[in-house]
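Chemist: The task is simple: from the sequences and hints, build the whole structure.
For reference, the chains in residue letters:
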Amino acid sequence: MSLLELKDVSRSFWTPRSLVDIALGRSPAVLRAVHRVDLAVAEGETLGIVGESGCGKSTLARLAVGLQAPDGGTVLFEGRPMSGPDPAGRIQMVFQDPYSSLNPRMTIGALLEEVVGRYHRELSRRERQAEVREALARVGLPAETAAKYPHALSGGQRQRVSIARALCPRPRILVADEPVSALDASVQAQIINLLQRLSRETGITILFISHDMQVVRHLCDRVAVMYLGKVMEVAPVEALFDHPRHPYTAGLMDAVPDVTRRRGTARQPVSGEMPDPYAEIRGCRFASRCRFAEARCAEPQRLTETAPGGLVRCWKAADATLPFSGGKTLT
Amino acid sequence: MTPLIRRFVRSPAGIGGLAMLLALAAAVVVTPLISPYDPYALDFGNALMPPDAAHWFGTDNFGRDIFTRIVAGAVYDLRLATTCVFGPMILGILIGLCAGYYGGWVDDALMRITDIVWAFPFYVLVLTIVGVLGPGEGNLYIAFFMVNWIGYARIVRGETQIIRRLEYVQALTILRFGPARTMLRHILPNAVTPAVVYSMSDLVLTVQAVAALSFFGLGVQPPAPEWGLLIVESVDYMRDAPWMTIFPGLAIAWVGVAFALLGEGLATAMKPKG
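Chains A and B, in that order, are what the protein sequence lines are. To convert, count from 1 in the first sequence and add 2; that's this note's numbering. To convert, count from 1 in the second sequence and add 23; that's this note's numbering.
Rather than coming from a laboratory, the hints here were simulated on the basis of the structure. Any given hint could be a false lead.
Example chain B residues on the side facing chain A (calculated, C-beta under 7 angstroms, incomplete) [what the hints assert, rightly or not]: (1) 52; (2) 53; (3) 146; (4) 189; (5) 190; (6) 199; (7) 209; (8) 212.
According to the in silico footprint, chain B covers these stretches of chain A (three or more CB under 8 angstroms from chain B) [as the list claims (entries may be wrong)]: (9) 65-75; (10) 90-99.
No residue lacks a Cβ here, since even glycine has one placed at the ideal position from N, Cα and C.
Modeler: This is how it looks when you write it as structure tokens:
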């Protein structure tokens, strides 16, 4: 059984209408940030969610922790539907911006101690402080960090504190929303390794949201590719990177600069911009940018299983003679 | 709180303002002990004396020592000003926090009330209240409490709306911290700085407003040596004994400048780093 399951989950945002709009009977513009997504997260795995900015991956993260309620479908945690954040704190989140994710007026020790006290009320002050030291050690920070204020820490150290805070309630799932995209490359690697170690040592389930294909490839067991609020492809990480089955996945991978690529071999990254997210698209959402688009793509596409553990939302994926395998070369 | 004090001490404006207030406080405490004059006792033989070594600020038309009266009046003005600022300030901060944190209909309701109170010109409202309830210090408090919270509610609401969206507040929501704790312990300390700074300029304005209302006969009643009253009593003698007007005026200015400088110092000290 999957630990966390999103069933037909949608979340839309409405732009407020002006009085003139209401008088003229115009319907409000709807942005379908997440549109009828089905996704299951298995116990202990690290599931990556990738996509360009604006594809709805952050909204998906907020739905997964219960920070936002879906307006369609249900989010199941341990088989039970969620309403709001888990009362026992078993799903926690690490945020993107290390500079706004810690209260600037509290020392690291004070803010961690408060969280420890919230979840382990029986502990004495001394025991709580010991717990704080342990929490810092878990994320590779020295005990002296407890006396410091957030402004005295680097971005990477702050992100470690965020992870330590998220781990205090002993969660089963850690949702990480772009936790490294605001950090330097070398610090990124440290945080990724920390998450990897946590996953290996504690078996915690990680939902890792990112736009960085390389990082996802390094960290994740399985990857879901999102585009305009829909999941386009889900596959185990090696299968996805070796044989992307959706043209969008292939294009995303080709957009990653690769210094080892031979000169003269052609890259075919996704070109153009995402279409207006407010527009109603009936058929394949990617068709307007797809190099292989045909008339049939104007029809709604279903997420179908093409390989074991792999789901693709493209009717062409069943066709074995696809020209985009491996994201490497075309004829 | 030590870093706050350390940064405050380094700000010359803040120290200057504090020193001016402490000087006034020292005068209030010491003067009754060493002054040979009673602020209320009449002495017609020495009426309208210009400032000299015996009467530093001169005497009024009843021969009372103006310096002694000003110092005694400071208690009235400071008590009125601080109560009329800090009381409504607490009220306004709580209202602003709730409006900004909950948003939606709570925000709508509280802000409409704010707009309604805001729409009344202050002095018209005070005149109405005092007209109905009669003049006096107690009714001044009622008038100020009804009006003075608005600025704080608006400032804190705006700050709260920004802070509520920050990731550390969202983390608290996921960690299931209740709204009271989130608001008071995590949002308030980061939202209150502009309100505290504003309260200092509000004190300046309120000292003037208290003096003005007493001047119109709506506030503190004679023979209390409240500064506004000192000025109103001097009006008939302004040409022959200008010191009767000038020194109470300078006292109001002294307090105003002191609070303005103090506010400047607090603003520097309370800005969080990073």
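Chemist: Go through the hint on residue 199 of chain B and say holds or violated, using the shortest Cβ distance to chain A against 7 angstroms.
Modeler: Where the cut-off is 7 angstroms and the nearest Cβ of chain A is about 6 angstroms from residue 199 of chain B, the hint holds.
Chemist: Less than 7 angstroms between beta-carbons is the criterion; does residue 212 of chain B satisfy it with respect to chain A?
Modeler: This interface hint holds because 5 angstroms falls under the 7 angstroms limit.
Chemist: Can we keep the residue 209 of chain B interface hint, with Cβ of chain A closer than 7 angstroms?
Modeler: 5 angstroms, holds
Chemist: Do three or more residues of the region 90-99 of chain A come closer than 8 angstroms to chain B, measuring C-beta to C-beta?
Modeler: holds (count 7)
Chemist: Would you say the region 65-75 of chain A counts as covered by chain B, given the rule of at least 3 residues with C-beta under 8 angstroms?
Modeler: holds (count 3)
Chemist: Quick check on the hint: residue 189 of chain B CB to chain A CB, less than 7 angstroms?
Modeler: 4 angstroms, holds
Chemist: Is the shortest C-beta separation between residue 52 of chain B and chain A less than 7 angstroms?
Modeler: Violated - the Cβ of residue 52 of chain B stays beyond 7 angstroms from chain A, reaching only about 35 angstroms at its closest.
Chemist: So, residue 146 of chain B near chain A? Judge it on the closest CB pair being under 7 angstroms.
Modeler: Where the cut-off is 7 angstroms and the nearest Cβ of chain A is about 36 angstroms from residue 146 of chain B, the hint is violated.
Chemist: Would you settle whether the hint for residue 190 of chain B is holds or violated, based on the nearest Cβ-Cβ distance to chain A being less than 7 angstroms?
Modeler: Residue 190 of chain B check passes; min Cβ-Cβ to chain A is 4 angstroms, inside 7 angstroms.
Chemist: Answer holds if the nearest beta-carbon of chain A is closer than 7 angstroms to that of residue 53 of chain B; otherwise answer violated.
Modeler: Cβ of residue 53 of chain B sits 39 angstroms from chain A, so the hint is violated.
The structure fails to meet hints 1, 2, 3 from the earlier list, while all remaining hints are met.
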